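So the sequence lines, in the order shown, correspond to chains L and R.
All the letters of the first sequence, read from the start, carry residue numbers 1111 to 1359 under this note's numbering.
All the letters of the second sequence, read from the start, carry residue numbers 129 to 613 under this note's numbering.
Hints in this document: simulated from the structure, not taken from any laboratory.
Here the structure is a predicted model, which means the values were calculated and not measured.
Cβ coordinates follow ideal geometry from the N, Cα and C atoms, glycine included.
Covered stretches of chain L (chain R as the covering partner; in silico rule of three or more C-beta atoms under 8 angstroms from a C-beta of chain R):
1. 1203-1212
2. 1215-1227
3. 1263-1270
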Amino acid sequence: MTEENTDRVQMQDVYKDYGTNHVIKDVNLNVKNNEVVVLIGPSGAGKSTVLRMINGLETTTKGHILIDGADISQPHVDINRIREKIGMVFQHFNLFPHMTVLENVILAPVELKKADKATATAEARKFLETVGLTEKADAMPASLSGGQQQRVAIARALAMHPDIMLFDEPTSALDPEMVGDVLQVMRQLAQQGMTMVIVTHEMGFAKEVADRVVFFDGGQILEQGTPTEIFDHPKEERTQSFLNKVLQA
Amino acid sequence: MQRKSFVTGLFVILAGLFLTLWSAKPAQAAEKHYTIGTDVTYAPFEFANEKNQYVGIDIDLMNAIAKTEGFTVTIKPVGFNAAVQALEAGQIDGVIAGMSITPERQEKFLMSKPYYNVGVVMAVKQGSKIKSLKQLKGQRVAIKTGTAAANYALSVKDKYGFTTVTFDDSNNMYQDVTTGNSVACFEDSPVMQYAINTGLKLSIVTKPANPTGYGFATNKKNTELMAQFNAGLKKLKANGQYTKILQKYLGTGSKKSQAAANKKTQETDRSFFGLLKANWGTLMGGLQETLLVTVVAIIFATIVGILVGLLGVLPNAFARGISITFIYIFRGLPLLVLALFIYTGVPSLIGAKVPAFLAGIITLTLNEGAYTAAFVKGGIEAVDVGQMEAARSLGLPFGKALRKVILPQGIRIMVPSFINQFIITLKDTSILSIIGILELTQSGKIIIARNMEGFKIWTMVALIYLVIITLLTWLSNWVQKKVQA
Ligand SMILES: Nc1ncnc2c1ncn2[C@@H]1O[C@H](COP(=O)(O)OP(=O)(O)OP(=O)(O)O)[C@@H](O)[C@H]1O
Ligand SMILES: [Mg+2]
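The shape of chain L in the complex, shown without the other chains (with noise of 0.2 angstroms):
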């Protein structure tokens, strides 16, 4: 339906303050159906920022952002609705704790009335088995591992049969042998053609499955290329900086 090419996310001059700290300044960032696109850039550069304001989690200062041609601060775009179609993985994966994987999995869809009860556990299964995670439906969150829990996160974001995912930090809080799992069902999304904007420090991943890296200082982009480009030829010496830091680390 939508066509290779289109713009899914624009965002047109965006400036966000908080308070009198300009934390994201006249950002212009368009992200293409299909693409997967990756920021990355040093702490407090306003990676975060830029994805939640991507969803209408935080408002813009200035400027506009439009999903799908919908600009999300007008009043008559309803906000829930473009949300039902923007994924979005949580550094600390936010499961509802007094509820079973399971139910996790299909409250959006049943609460929303996108599906009955019993489609949307079926469903909600098929994703469980997609994610690795089939046997842990009847569980509490708290019962599992931090690297199963987020792979729960992203069942529970597809459930809603999003077109675009944003993903920030989603491997950060987790023990290095965990993080394995959570990287190959992203692999496995970005090979099936899925949106994404990613928020990541794991250089080797982003190399692999990003068309575009984009890397962020200050509140605005630096630079911004192909994973070849950023990596191995950064023209900036900030992001040469940085990337010395982090693959050495």
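For this one, chain L is given, so just place chain R with the ligands on it according to the hints.
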């Protein structure tokens, strides 16, 4: 400006509603009915007998006059000050409460011809060295608020150089003297005499001073009721009924005949268990009222608290403002002040009575509701913000996210506070005795006003509260385990 006129409008509508409800009552053509306020603690003029019926000179006189003059009365023992305030506020039609006829009162109310003449006496602890006003220099004296005896004491205070301490209740005033905190108290002569004859360890050391008469009071417009009272009193005096009533409570003047008269209204067994047995019904009646008020108040306070608490977390500055203001005002006001304001203050504003029970429930609902709102709000805010973000990012609207994701987690955080609040509400009901609600504390006061057994009766009342609170705590712990399992 707009908001203010909205509030005023709301008041007008409410007041109108009240008035319509009132006037909608079918007018009684046959007999006029009046509500008369009286004191709870003024034996032998008014007190509850051992069967917990209200008796006394005032009560019998009022009933006899109503009978001769052909009207009916409901006599409500709400306490002297509450009765006078209720009369001012138009909550009741008259007051008969051993009320001295003074020029100030005559200015405010219509007062009847005196139906009993008294003087003020000074009483000291038995065996005290103090025998006269002159010996009071530098000493502390107990008085009861708003009484003619108190006015007398205040008028001679500077001359004799003593200080005063004020009580709301005769028995508390007497106890202050028997415990030695104050060296003397001032009281109307027959009341003091009655208490001493009933076993109070005080003795009267002065001759009655400042003779005044007790009168019945109505508001200025109620000339009809006043005329009937005066006419009835005259008839009772003429036909001998008046003397009979006096003798029933005071005997024929001697200590012995007083003791004989007391027998008819007092417990015979004065041991702890004897008193417990004799007053069991009254105490349980009080407990029942306490539990009723508690349960009703908890229900309303919980509803109001949850609603106001939820307003406080809405993404809307106006809603949050309302919530914050509600919590600020009703958590800030002392419960006692709030109760008096609603019971005696509001009626003069809206021009309609607020029944004591309703006033009590409103008071507790506002106060406990404010506390509930505060911890409901706090409980919701204590849920990790990531939960709301995750729910919203799935496309759930705010309300659904709140209901399905935030509240179930918030409620677990709130459960201990809810239980705590229930226990506090139970205890806070005791404050409603001030507006005459016959709950456990008020029942205790009434029993003590008759038999002067403060220590034993307060012990009983305290034990009953402890038992109930223990039961409630067990129940709550059980519920808490269930919820948080
Ligand atoms: N709610 C907020 N109120 C005030 N300042 C905020 C808020 N959220 C973020 N900031 C500030 O905005 C700036 C950008 O934050 P952001 O979280 O977007 O950075 P980031 O690039 O995601 O960093 P990290 O790699 O540490 O996650 C930071 O300086 C941060 O302190
Ligand atoms: Mg971040």
